[in-house]
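S.K.: Residues per chain are reported as follows:
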Amino acid sequence: MAVHSERVQTQSPESGKAAVATIETSAARGDGAGTAKKKSARPADGRSIGSRLAPYLLLLPATVATLGLLGWPLLKTVLVSFQNLNARQLVQHLTEWNGFENYTEQLKDEQFWAVTGRSVAFTVLNVFLIMVGGALVGLLLNRLGKKMRLLLSIGLLFAWAMPVVASTTVYTWLFETRFGVVNWLLDSLGWHSMAAYNWTGSQYSTFFVILLLLVWGSIPFVAFNMYAALTTIPKELYEAARMDGAGSVKIFTAVMFPNLKPFFLATTFLEVIWIFKAFTQIYAIKAGGPDGLTRTLPIHAFLEGSGRQHYGTGAAIAVLTILILGVLMAYYFRIILKQEDEL
Amino acid sequence: MRRSLIGRTWPNVVAVVLFVFFAFPVYWMISTAFKPSKDIISKTPVFVPFDATLEHFKTAVNVPKFWTYTANSFIVTVLAVVISLVIATLASFAIARMRFRGRKVFVLVIMAAQMAPWEVMTIAVYLISRDNEMLNSLVPLTAFYMMMVLPFTIWTLRGFIAAVPKELEESAMVDGCTRTQAFVKVIFPLLAPGLMSTSLFGFITAWNEFPLVLIINKTDGQTLPLWLSSFQTAFGNDWGATMAASTLFALPVLILFVFLQRKAVGGLTDGAVKG
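Heads up: the protein sequence lines correspond to chains A and B, in order.
Counting with our numbering, you get residues 1 to 343 for the letters of the first sequence.
Counting with our numbering, you get residues 1 to 275 for the letters of the second sequence.
It is possible that some hints are incorrect.
[Said to hold, decoys possible] In silico lysine-lysine, BS3-like type, Cα no more than 27 angstroms apart, as pairs:
1) A:261 / A:250
2) A:76 / B:218
3) A:146 / A:76
4) A:261 / A:338
5) A:108 / A:76
6) B:43 / B:65
7) A:338 / B:104
8) A:76 / B:104
9) A:261 / A:235
10) A:250 / A:146
11) B:218 / B:65
12) A:261 / B:104
[What the hints assert, rightly or not] Covered by chain B, according to a simulated footprint, are these stretches of chain A (three or more residues, beta-carbon under 8 angstroms):
13) 55-64
14) 162-176
15) 198-210
16) 272-280
17) 304-312
Since the hints were derived computationally from the structure, they do not count as laboratory data.
Note that the Cβ used here is the ideal one computed from N, Cα and C, for glycine as well.
Using the sequences and the hints given, assemble the complete structure.
M.R.: Next comes the structure, spelled out in structure tokens:
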């Protein structure tokens with residue numbers, strides 16, 4: 001959730017007012033007495049050792065936590081990926097290094113490449129639908145009247161707030177074979193062969209359910225952000241464009257899009273990262289099935305590692321996944337850092 | 001500029017359709033939970049549960065250990081959020097207000113940590129917990145959930161602290177406060193909305209967490225997401241009870257959202273894009 005952080009700064013108008021009031025009082029009092037005495041407490045100049053150490057002390061707990069609880073598992077993943085660690089070695093607490101064997105094994109494995117290709121295709125299609133859908137819903141929010149906007153926002157909030165495990169369970173129920181409301185709807189719309197359709201019986205139909213679940217759950221975030229971004233575009237720009245005779249398409253490409261480009265880029269990459277590492281939805285719908293045909297990389301790593309107790313293999317798949325994510329994140333940061341002047 | 005009748009109507013029609021698309025699954029979950037079983041498995045779906053029943057909720061709550069799982073979920077989530085708030089408040093004050101060497105590196109690490117690939121690190125977390133003989137315990141869950149929400153908490157609080165004008169703090173110090181007192185008395189009270197929205201998102205993240213608890217707590221120390229995901233398997237086709245369980249699980253989050261929605265969504269969406 002990185003994109004949202006910035007706007008918080010713009011957020012507290014009350015505190016702004018309070019500040020002005022306090023400054024006035026302190027100015028009226030004159031700052032002769034207090035400043036000299038308190039100088040040591042300030043980090044600015046003539047800093048004492050204590051105040052120079054202060055930031056590091058404040059960061060200490062966070063640093064320790066990050067190293068121990070994030071850094072260590074990350075390192076451990078890399079270490080295990082170079083080990084032959086199966087059920088036997090695990091029980092007997094053996095450490096058997098086997099170099100790059102887990103990696104070469106994976107890189108030669110057809111299934112690994114099938115899973116990787118599937119993950120990429122799945123992510124691309126999903127993010128495309130989320131971004132287009134989210135942008136359109138955002139545009140719609142911007143165009144609607146107050147009441148209808150509230151209605152749609154409530155619907156979006158529901159989908160957004162819904163816990164993932166709960167929504168996954170609900171989707172299994174919606175798409176249930178015999179009593180699911182989706183099959184009933186398709187049947188009563190005249191598509192009778194769908195009356196008892198088993199959605200999780202084949203690869204594409206299972207992916208369809210997962211895709212819909214992810215798109216449904218992800219659009220609200222994009223739509224709200226899109227709407228918020230649209231409201232920051234000055235009205236005069238639209239008016240000027242209209243005076244010049246621009247139609248709605250032209251207004252979108254010439255006025256809205258250039259203003260929204262940073263938003264699009266940042267959100268797209270965030271979604272790519274989120275979707276690429278999505279686990280719960282895919283696992284809870286069918287655990288990568290049928291026949292492992294909906295396995296994506298995180299699911300594959302989990303099933304090989306924990307499911308089959310080939311921890312070394314699982315870790316190697318995990319490291320390869322992390323490398324792909326790392327490349328994506330590097331791009332994301334390039335975009336963010338370009339926008340971020342104050343860091 | 002006047003729009004034609006169709007031009008004025010279609011956005012509203014689309015809005016209603018979209019509202020149904022987004023809200024229906026939530027509605028369907030709640031309504032199924034209240035329907036008597038015969039309505040759930042009727043040929044034509046019953047859309048409004050007129051003869052509502054609490055029977056499914058009773059089934060869900062009477063699952064052995066339901067209350068243990070609920071307690072586990074609450075303990076782990078609340079502890080994780082509270083600890084991360086404490087650690088994050090200290091850290092975010094440093095990066096929002098102080099200049100020091102290594103600040104930029106720290107900020108970059110925090111930004112990257114927000115996107116940590118926890119989903120594929122579960123194997124390592126499992127092995128670490130096992131080596132410390134902490135499988136099926138709440139300690140690793142609390143610690144790692146804390147870490148999952150920490151970066152976001154630091155990053156968001158940093159924004160809130162930066163929003164408090166420096167002069168406010170300085171004038172408090174002029175008036176004789178120490179820097180710590182200035183923070184506690186001046187900045188901290190102004191952070192309330194920030195603390196609320198970050199804890200909301202921390203709560204949701206930890207409450208929903210699934211992959212990690214799936215791998216490290218197979219017997220004891222299970223939490224509600226695990227309970228819910230295994231519900232279907234355990235109860236076959238008792239969709240009424242499954243939906244009642246989902247409703248119970250989703251309830252705390254939906255309630256929190258309704259309460260904190262204004263502030264949280266404000267915090268989230270105010271200029272999602274800067275500049």
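S.K.: Please flag the earlier hints that this structure goes against, numbers listed from lowest up.
M.R.: 3, 6 and 15
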